[in-house]
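Construct all of the structure, not just a fragment, from the sequences and the given hints.
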Amino acid sequence: MEPSRSNSLNSLADSLARLSQSAGIVGTEPSSCDIHGGFIASRLRDGQLTGCPECSRARQAAQQAEERAEQQRQAVAARLERLLGQALIPPRFKTKTFENYWVQTDKQRTALEACRRYAERFPENLGSGRCLMLLGQVGNGKTHLAAAVAGVVIEQHRCNAMYTTVSRVCQQVKASYSKESTQSEREALDIFRTPDLLILDEVGASYGTDFERMVMFEVINARYEDVKPTIVISNLGAGALVDALGDRTVDRLREGSGVVVVFDWVSARREVAND
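The numbering of the sequence shown is the working numbering, which starts it at -13 and goes up by one.
Hints were generated in silico from the structure; no laboratory data involved. Note that the structure is predicted; figures quoted are calculated from it, not measured. Where is the CB? At the ideal position from N, CA and C, for every residue including glycine. One should not assume that every hint holds.
[To be verified] Computed beta-carbon distance windows for the label pairs: (1) Glu53 with Cys19: 21 to 27 Å; (2) Glu53 with Arg154: 40 to 46 Å; (3) Lys80 with Gly232: 29 to 35 Å; (4) Glu15 with Ala47: 25 to 31 Å; (5) Gln50 with Val124: 36 to 42 Å.
[To be verified] For lysine-lysine, the following DSBU-like pairs were computed, each having C-alpha atoms within a straight-line distance of at most 30 Å: (6) Lys165 with Lys80; (7) Lys80 with Lys93; (8) Lys93 with Lys214; (9) Lys214 with Lys80; (10) Lys160 with Lys214.
Right under this line is the structure:
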């Protein structure tokens, strides 16, 4: 053997010996694992033998897999928290679900099941741009059910949703007309074009001023063009809604078998007040 190569091997052996000593290894001996068979174990200063290296690698791989899974769970939870925050659902309605919707009559049950069905089939509704209209009496849980739909859309289907009122949409657009505004009218409207699901509450509350009618058409038409569903909440009936929004807007909401749920029973708030 060449002297230089011999010296290199001796140096490597010395390095390994020093490393073994620093790790507390005083020798080696044959050992056996019930799973992986025979292996060479290291004997430590305290007399104990090191375990099976294959078992050690398996445990390390399992630990790393669990750490990656936990990181993924945390990432999903963080994204879910962001989606819930971006939904802008008012604090009063954040805890509203299908399970805590008060049902006493067949009409209430019909409304509940229609909204639950819409939420469960949201991927299909998103694909077709199918809208949902919740119309009728004040105080019958229209916003409650819309918030419940949003919860399912976000938590189960991992889509984004936004809740707003018509007055806020109009304020956003009006603000873009200011000289100090850094946002154009189109940019203001596009805020409501983006979400997978938009919930528009208090539709027709001012009974369809020309400006409101124009803004609602722009928002709903933009979402119609993008094949994105909208939930409309109004205290008006179907006929009055047409008067408030106009035929073109309501036609776009009805397109693709849009769902209409009528809330025409006595207000739950009124019943509580009379008790």
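Going through the hints against the structure:
1. In this structure, Glu53 and Cys19 meet the distance hint of 21 to 27 Å, their C-beta atoms being roughly 25 Å apart.
2. Restraint check, Glu53 to Arg154: a C-beta distance of roughly 43 Å satisfies the suggested window 40 to 46 Å.
3. As the Cβ distance of Lys80 to Gly232 is approximately 33 Å, the hint placing it in 29 to 35 Å holds.
4. A beta carbon spacing of about 26 Å between Glu15 and Ala47 agrees with the range 25 to 31 Å that was offered as a hint.
5. At roughly 57 Å, the beta carbons of Gln50 and Val124 sit outside the given window of 36 to 42 Å.
6. Using a Cα cut-off of 30 Å, the hinted pair Lys165 and Lys80 is violated, with the two alpha carbons roughly 36 Å apart.
7. The straight-line distance between the Cα atoms of Lys80 and Lys93 is roughly 24 Å, inside the 30 Å bound, and the hint therefore holds.
8. Taking the CA atoms of Lys93 and Lys214, the gap is near 28 Å; set against the 30 Å cutoff, the hint holds.
9. For the suggested pair Lys214 and Lys80, the alpha carbons sit about 23 Å apart, so the restraint of at most 30 Å is met.
10. Restraint check for Lys160 and Lys214: satisfied, since their Cα atoms lie roughly 24 Å apart, inside the 30 Å limit.
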